[in-house]
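Colleague: What follows is each chain in one-letter form.
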Amino acid sequence: MYSLRVLGAVCAFTVCVGLGSNKALAVGVAAGTDITNTAEVTYAVGATSVTTNSNAVVVRVAEILDVAVTRQSPANTAVGASSTQQEIVFTVTNAGNGPEAFRLVMDSVIGADDFDPTPASPSIYFDSDASGDLSPGDTPYTVGSNDPLLNPDTSITVLVVNDIPATAVDGNVGITRLTADARTGSGTSGMIFAGQGAGGTDAVVGMSGAIAGSTGQYQVAGVTVSAVKSQAVVDQFGGARPLPTARINYTVTVQAVGTGSAANAVFSDDIPANTTYVPGTLSLNSTPLTDIAADDAGEFSSTPGPRVRVTLGTLTQASGTQTIQFAVTIN
Amino acid sequence: MFKGNRKVLGIFALIACAFGSQAFAQTQGCIVLKSTAEIEKEVVNDKGEKSKVLVPAGKVIPGTEVVWTVTANNVCKQPSDKVTINNAVPEHMTLVPNSAFGPGSDVSYSLDGQKFAPAGQLTVQESGAARPARADEYKHIRWEFKNSLQPGASAFARFRAVLN
Chain H
1 MYSLRVLGAV CAFTVCVGLG SNKALAVGVA AGTDITNTAE VTYAVGATSV
51 TTNSNAVVVR VAEILDVAVT RQSPANTAVG ASSTQQEIVF TVTNAGNGPE
101 AFRLVMDSVI GADDFDPTPA SPSIYFDSDA SGDLSPGDTP YTVGSNDPLL
151 NPDTSITVLV VNDIPATAVD GNVGITRLTA DARTGSGTSG MIFAGQGAGG
201 TDAVVGMSGA IAGSTGQYQV AGVTVSAVKS QAVVDQFGGA RPLPTARINY
251 TVTVQAVGTG SAANAVFSDD IPANTTYVPG TLSLNSTPLT DIAADDAGEF
301 SSTPGPRVRV TLGTLTQASG TQTIQFAVTI N
Chain U
1 MFKGNRKVLG IFALIACAFG SQAFAQTQGC IVLKSTAEIE KEVVNDKGEK
51 SKVLVPAGKV IPGTEVVWTV TANNVCKQPS DKVTINNAVP EHMTLVPNSA
101 FGPGSDVSYS LDGQKFAPAG QLTVQESGAA RPARADEYKH IRWEFKNSLQ
151 PGASAFARFR AVLN
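Just so you know, the sequences run in chain order H and U. The first sequence begins at 1 in the numbering used here and counts up one residue at a time. The second sequence begins at 1 in the numbering used here and counts up one residue at a time.
Hints listed in this document are in silico derivations from the structure and should not be mistaken for laboratory results. For each residue, glycine too, the CB sits at the ideal point set by N, CA and C. The reader is advised that the hints may include incorrect statements.
Said to hold, decoys possible - Simulated crosslink set (DMTMM-like; lysine to aspartate or glutamate; CA at most 25 Å straight-line):
{"#": "1", "chain 1": "U", "residue 1": "K34", "chain 2": "U", "residue 2": "E126"}
{"#": "2", "chain 1": "U", "residue 1": "K82", "chain 2": "H", "residue 2": "D34"}
{"#": "3", "chain 1": "U", "residue 1": "K52", "chain 2": "H", "residue 2": "D202"}
{"#": "4", "chain 1": "U", "residue 1": "K115", "chain 2": "H", "residue 2": "E40"}
{"#": "5", "chain 1": "U", "residue 1": "K139", "chain 2": "H", "residue 2": "D34"}
{"#": "6", "chain 1": "U", "residue 1": "K77", "chain 2": "H", "residue 2": "D129"}
{"#": "7", "chain 1": "U", "residue 1": "K139", "chain 2": "H", "residue 2": "E40"}
{"#": "8", "chain 1": "U", "residue 1": "K139", "chain 2": "U", "residue 2": "E42"}
Said to hold, decoys possible - Residues on chain U that point at chain H, a partial pick, calculated with CB under 8 Å:
{"#": "9", "residue": "C30"}
{"#": "10", "residue": "I31"}
{"#": "11", "residue": "G58"}
{"#": "12", "residue": "A72"}
{"#": "13", "residue": "P90"}
{"#": "14", "residue": "F116"}
{"#": "15", "residue": "V124"}
Looking at chain U on its own, in the form it has when it is part of the complex (with noise of 0.2 Å):
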């Protein structure tokens, strides 16, 4: 399925760009972001070995923990800049501290969807005064990074979260 529609929306963008139109490419989208949830499974193999392997997430209960996943791949022919993702964490869901990580970016959080700030660096107002901010309390989550991502290249967010 993932596969699938990630073929269609390649053959699409090199249609797009064939036409050589950067506004009809702009409108359509030069980056597509495709979210996953997904959780952890042990497995033993052959020789009795455990490791664990991440699976579709259809169904869970509370308490149980959802790894989300956000890929930006790049379809057009021209590198993208300033690629920021941002996602808020799911209602009903507390984010895992230090969960959120993505190779070559900054991390930053936000309580209201406004202020960001690298972990640890936000505050809230409590019986009148200023305390840090804890990792379950942070609602949204950005991705900057750091280089532009170059055609056909995809760049990746992920964040743990359990289900309240």
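Here chain H stands alone, though its shape is the one from the complex (with noise of 0.2 Å):
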């Protein structure tokens, strides 16, 4: 009916948006929904007013098949070698604009790292119980029997777990994938299934290709806490003799050494028999703490016996020599 000239015409003044326009949106219109016209023209014959409408045109929303999945677990998941049941938490969201069921699949082998990952068995799970980690309540996938069902923009949370292998050592990688596509298809963008969409409507692969992956590495983490204390005796006389009412004045240098990181270290060092504490003679790498709880990283208790505690929160190998000091009185 109308030319090609005159529709290149229109083209060229307009914006000419074909799939690529997708990448920006998350999700659509919901498939299936009924997009509807009907235009209305008002008219003169002679003197009288005339209002006609048209017929309502309808144009079906296809279903699109797009698919994200995102890892949550930090860029290294610290692991001990010969440690099982390690997990590495992701979400599969159904980016497509209509309820889509996903085929979920776990791989560990994988170039680039210093090891592979053993896969447990089973190695996928939901997190079920929406703890963000592997516990008794989780559900195991299987493929093709528990395939997650999404709505539109919605999101599962998976786990995908493997065993640590023996041989691995301190700063050891390994990756493992966590792999969703589409059960109605995954492919070429822009490729369709006809009537296989949502409420019979075409099903059509989006930007993803109906299918996505994400990665997540393990790495081996070993840490060593070593103390090193030692002692200066002053005496009265001003020598350095342990006679009563001698002072000891003590230094406790704390280390941590390996690739991994000492969560919530506490120092506790408690007071030898037969000496007394000196009161506010408490301090961290040179700097005074009081003998209050809670006040500070620092306290001195007398129950249930006498002694010090420093807290040192989390220590690593950068954190460098953490370097505590007090002193007794010999009794």
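Both chains come to you apart, so use the hints to assemble them.
Modeller: Structure, rendered in structure tokens:
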């Protein structure tokens, strides 16, 4: 009815968008929705004004098949060699516009790492109890049996679980991957699965190809925290003999060595028998600490037995040496 | 389908006019209005040259641009004056800027279906201040044809909108 020339001109003055414009849309109008248009015309015949409607044109929204997989765990998941049931957390999101089931596949034989994590059995779980880690309430996944059915723009949390080989050494990295693809089908963007979309409409492969994956990595992290204690005795005669009333100055150095981190490190030392703590002598890295609990990192307590405590927080090799000092007198 | 319908309507109009009843013609209408939805499809000819054609938009996915065309056909024997086509931007769709046109017509827009103005002359209130309305905020389009629509003649109006 209209010549190509006219159409060409229209296209030149407007933005011609195709499939490429979907990229920014996480999800659009729901698949199966009917878009209806009716135009109206008013005109005059002689002195009489008339209003008429057009036919109603209906366009049905087809289903886009799109999926996104995102790692929720940190870039590195610290593990020990020989540890078992180590999870990496992912979310699988239906980025399309219709309800869709997705198949999940995990793979731990991936290059560019130091070791291959060993898939646990089962190796994929749903985080059913929303705890963010593998726990007894989580449901194992079996391909084709309980493929997650997701509504548009909704997600499910998935745990990929591996064992760490005994041969892995400190600093080694092992990569695992989770892949999800639409059960209706995946492939080249724009591919059509006629009549297989939600509500019997067509399903069209979106920008993701209806398949997506994400990797996570384990890093074998060992950490050793060591403490070295030294003492200096000062007697009342200016010497260094351990006489009654002589003072003993203790210095303790704490150090973390390795690639891991020691969380919630606390230094605690009982005051030796037959000695008495000298109030106000506790310090961390030359900064004085009070003897009162909770006002700073240090405290002296007399129950159950006399002792000093210093909270060091998370220690890594980068934290460097922590120096704790306190003094006692010999009874 | 399209051609067939028109033929039937044309015959019907002729019968109406043959009876010479103006009242009957008015009741049934002198202008038959037809709306179509199409999408552009790229085709390659024998020489390998690419061009775009419009094909019926049966099913579309979000992000697709739909070309809506409204055709007004005068099936009476007398001209129709002051022909004005109104079309709301369909629900779930966003008007493509500068896409509305119709040969021989002045195009205006509206946010509420009440107040119409040429492109760029509508304003919206935002945070207590008026600002020019964007084309994607236009919800209604109006084509006012400058000349009478002669018997047997057609006028057409077109706009493009993207499925949200």
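Colleague: All the hints need checking, so say for each whether the structure fits it.
Modeller: To see whether the hints hold, each was checked on the structure:
1. With a C-alpha separation of about 37 Å, the suggested pairing of K34 of chain U with E126 of chain U is violated against the 25 Å cut-off.
2. Restraint check for K82 of chain U and D34 of chain H: not satisfied, since their Cα atoms lie roughly 33 Å apart, outside the 25 Å limit.
3. Our distance criterion of 25 Å between C-alpha atoms is met by K52 of chain U and D202 of chain H, whose separation comes to about 22 Å.
4. A hinted pair counts as satisfied when its Cα atoms are at most 25 Å apart, and K115 of chain U with E40 of chain H qualifies at roughly 16 Å.
5. Of the supplied pair hints, the one linking K139 of chain U and D34 of chain H holds, its CA atoms being roughly 18 Å apart against a limit of 25 Å.
6. The straight-line distance between the Cα atoms of K77 of chain U and D129 of chain H is roughly 75 Å, outside the 25 Å bound, and the hint therefore fails.
7. Proximity of K139 of chain U to E40 of chain H is assessed by CA-CA distance (about 14 Å); at most 25 Å being required, the pair is judged to hold.
8. Pair hint K139 of chain U plus E42 of chain U does not hold up; C-alpha atoms about 29 Å apart against a cutoff of 25 Å.
9. Of the supplied interface hints, the one on C30 of chain U holds, with its beta-carbon coming within about 5 Å of a beta-carbon of chain H, less than 8 Å.
10. A least Cβ separation of about 5 Å between I31 of chain U and chain H falls short of the 8 Å threshold, and the interface hint therefore holds.
11. For G58 of chain U, the suggested interface contact is upheld, since its CB lies about 7 Å from the closest CB of chain H, less than 8 Å.
12. Here the hint on A72 of chain U is kept, as its CB sits about 5 Å from the closest CB of chain H, short of 8 Å.
13. Hint status for P90 of chain U: holds, given a least beta-carbon distance of 5 Å to chain H, under 8 Å.
14. The interface hint given for F116 of chain U is violated, since its Cβ lies 13 Å from the closest Cβ of chain H, which is over the 8 Å cut-off.
15. Contact between V124 of chain U and chain H, as hinted, is not supported at the beta carbon level, the nearest pair being about 22 Å apart and thus beyond 8 Å.
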